[in-house]
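The primary structure of each chain is shown beneath.
Number of protein chains: 2
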Amino acid sequence: MNKELKKVNKNALNPNVSVDCVIFGFDLEKLTVLLIDRCRNKRDKGIKLALPGNLIYTNEHLDQAAIRVLDELTGLKNIYLEQVGAFGNPDRISKDSDREWLKSIRAEPEASVITVAYFSLIKMPDYLPQASSFAKTAGWASVSEINELAFDHFEILQAAKEKLKQKIKIQPIGFNLLPEKFTLSQLHRLYESILEKPLDKRNFRRKIQKLEIITSLKEKQRGVPHKPSQLFEFKEVRYQELTQNGFDNFGF
Amino acid sequence: MNKELKKVNKNALNPNVSVDCVIFGFDLEKLTVLLIDRCRNKRDKGIKLALPGNLIYTNEHLDQAAIRVLDELTGLKNIYLEQVGAFGNPDRISKDSDREWLKSIRAEPEASVITVAYFSLIKMPDYLPQASSFAKTAGWASVSEINELAFDHFEILQAAKEKLKQKIKIQPIGFNLLPEKFTLSQLHRLYESILEKPLDKRNFRRKIQKLEIITSLKEKQRGVPHKPSQLFEFKEVRYQELTQNGFDNFGF
Chain A
1 MNKELKKVNK
11 NALNPNVSVD
21 CVIFGFDLEK
31 LTVLLIDRCR
41 NKRDKGIKLA
51 LPGNLIYTNE
61 HLDQAAIRVL
71 DELTGLKNIY
81 LEQVGAFGNP
91 DRISKDSDRE
101 WLKSIRAEPE
111 ASVITVAYFS
121 LIKMPDYLPQ
131 ASSFAKTAGW
141 ASVSEINELA
151 FDHFEILQAA
161 KEKLKQKIKI
171 QPIGFNLLPE
181 KFTLSQLHRL
191 YESILEKPLD
201 KRNFRRKIQK
211 LEIITSLKEK
221 QRGVPHKPSQ
231 LFEFKEVRYQ
241 ELTQNGFDNF
251 GF
Chain B
1 MNKELKKVNK
11 NALNPNVSVD
21 CVIFGFDLEK
31 LTVLLIDRCR
41 NKRDKGIKLA
51 LPGNLIYTNE
61 HLDQAAIRVL
71 DELTGLKNIY
81 LEQVGAFGNP
91 DRISKDSDRE
101 WLKSIRAEPE
111 ASVITVAYFS
121 LIKMPDYLPQ
131 ASSFAKTAGW
141 ASVSEINELA
151 FDHFEILQAA
161 KEKLKQKIKI
171 QPIGFNLLPE
181 KFTLSQLHRL
191 YESILEKPLD
201 KRNFRRKIQK
211 LEIITSLKEK
221 QRGVPHKPSQ
231 LFEFKEVRYQ
241 ELTQNGFDNF
251 GF
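Protein sequences, first through last, are from chains A and B.
Going by the working numbering, the residue at position 226 of the first sequence is 226; the numbering climbs one at a time, nothing skipped.
Going by the working numbering, the residue at position 124 of the second sequence is 124; the numbering climbs one at a time, nothing skipped.
Extracted from the complex, chain A is given alone in its bound form (with noise of 0.2 Å):
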């Protein structure tokens, strides 16, 4: 054990407040987010699915909690952060299986507790979740595909999507989701996944176009069994300048 952590070991936990973390990626078919399941054996009944997230400890920052919590369960380090917001419904541990599980890991498991979400878009393939502490396993699951999950869970990942959705309407997307090189119809699609909507293909790539956030490569795709499509990549300097003030079009 090193230092830094014997320090972070030696404060007390915050009991009424924790921070829960909603990773989304993409496959380049679908928008994904990163679970844990903290199934601890097979007998356990209820919702096994959780977004990763643990109390905070008292002297911590709660930015730094979420980037502590994020890396202890799925082994996921210095991850951009964004808050979604807090959420404090005091019925959000009702469900009996959450309960039960929160008597098997927390020292006041009937401690009110609110949680505060934080978001963040990461390219899936760079990162191998390493489940540990409380998480069983990690892994990838596609938003779309999500009906439920443990605690208010799957309210945090609705606001989450809402806000990334917000997003997309003032920023461009896709650098943090993309691999470096991508065709006109990946990006496509993601808009698409996120928006949670088909959009009219040449409408999409003409608006793209005049943001002016890519630029075509001299390079086509390799070894795909169709007809090879035109790469693609993002202009860095233009695409961190529309990231910082917004697509702004009301212009003031």
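Hints should not be assumed to be uniformly reliable.
Identical copies carry no separate label here, and so any pair may be met within one copy or between two of them.
[Claimed, not checked] Here are the simulated DSS-like pairs of lysine-lysine, each with C-alpha atoms no more than 25 Å apart in a straight line: (1) Lys167 to Lys210; (2) Lys77 to Lys207; (3) Lys197 to Lys123; (4) Lys181 to Lys30; (5) Lys167 to Lys207; (6) Lys197 to Lys77; (7) Lys163 to Lys30; (8) Lys201 to Lys165.
For the record, the hints were derived by calculation from the structure and aren't laboratory data.
Got chain A sorted already, so can you dock chain B onto it with the hints?
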């Protein structure tokens, strides 16, 4: 522990979670914010002004807690509040004057507290703040003239201002801040005071007209010491529509 005691504990204060409210108004010249003076007697030292805020109850919904606390401290009832985010820097209660003050009002003054901030926009003349609880007085201050506040409230105010600046880019604003009938100069001044920069008058008017959110009345200002200006009102249906959907100029 018997049932009775458990029940009592459920209604106890959550020592680790508070809410704070940033209530913006507009006095037709400047953006204002509602503050409380927590000064108990003239000999009290340190920063006296703070945002209205307090601990939540353990069995209380966060959003409900914010509405309750605002009411208790300022008499403002049933205000629609939107979340700004959670603030959890462990140093947020580090000023001596803040610690002293907490000792005088809290059962666990040393507890580590994260706070969830909310904000709202209201018409100033509709409400005369009625201070009570630990607020000695409550009143409106010009946002641009505030240099310090208790705890991390200055930081929270900045975050709420930033949220407002973002909001103005994707939604119309003014319905909750201006009188029912207003002049274009007043609307112009509102945008300038939120964005904290001068806006070209002609350009601003052209953009507002393009949004189709206001309609001119067959009425002019009365009793003003200058040439009376044309009065306008918001087109409520169109305004609500744009509030719901945003300007959405990227068009997805």
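| task | Up to 25 Å between alpha-carbons, please classify Lys163 paired with Lys30: within, between, both or neither. | result | Cα proximity of Lys163 and Lys30: one copy only (18 Å, versus 30 Å across).
| said: Within a copy, between copies, both or neither: which one fits Lys197 and Lys123 at a CA-CA cutoff of 25 Å? | reply: within (22 Å within a copy, 38 Å between copies)
| For Lys201 vs Lys165, is the C-alpha pair at or below 25 Å within one copy, between two copies, both, or neither? | Result: close within a single copy only, 19 Å intra versus 33 Å inter.
| 25 Å Cα threshold - placement of Lys30 relative to Lys181 | within (18 Å within a copy, 49 Å between copies)
| field | Up to 25 Å CA-CA - Lys207 versus Lys77, copy category | value | Answer is neither; intra-copy 35 Å and inter-copy 45 Å both fail.
| request: If the cutoff is 25 Å on CA atoms, where do Lys167 and Lys207 land: within, between, both or neither? Let me know, please. | output: Both: 16 Å inside a chain and 23 Å across chains, each within 25 Å.
| request: Since the copies are identical, ignore which copy is meant and state whether Lys197 and Lys77 lie within 25 Å (CA to CA) inside a copy, between copies, both or neither. | output: neither (33 Å within a copy, 40 Å between copies)
| task | Could you figure out if Lys167 and Lys210 sit no more than 25 Å apart (CA to CA) within one copy, between two copies, both or neither? | result | Both ways: Lys167 and Lys210 sit 18 Å apart in one copy and 24 Å across, limit 25 Å.
Hints 2 and 6, counting from the list given before, are not met by this structure.
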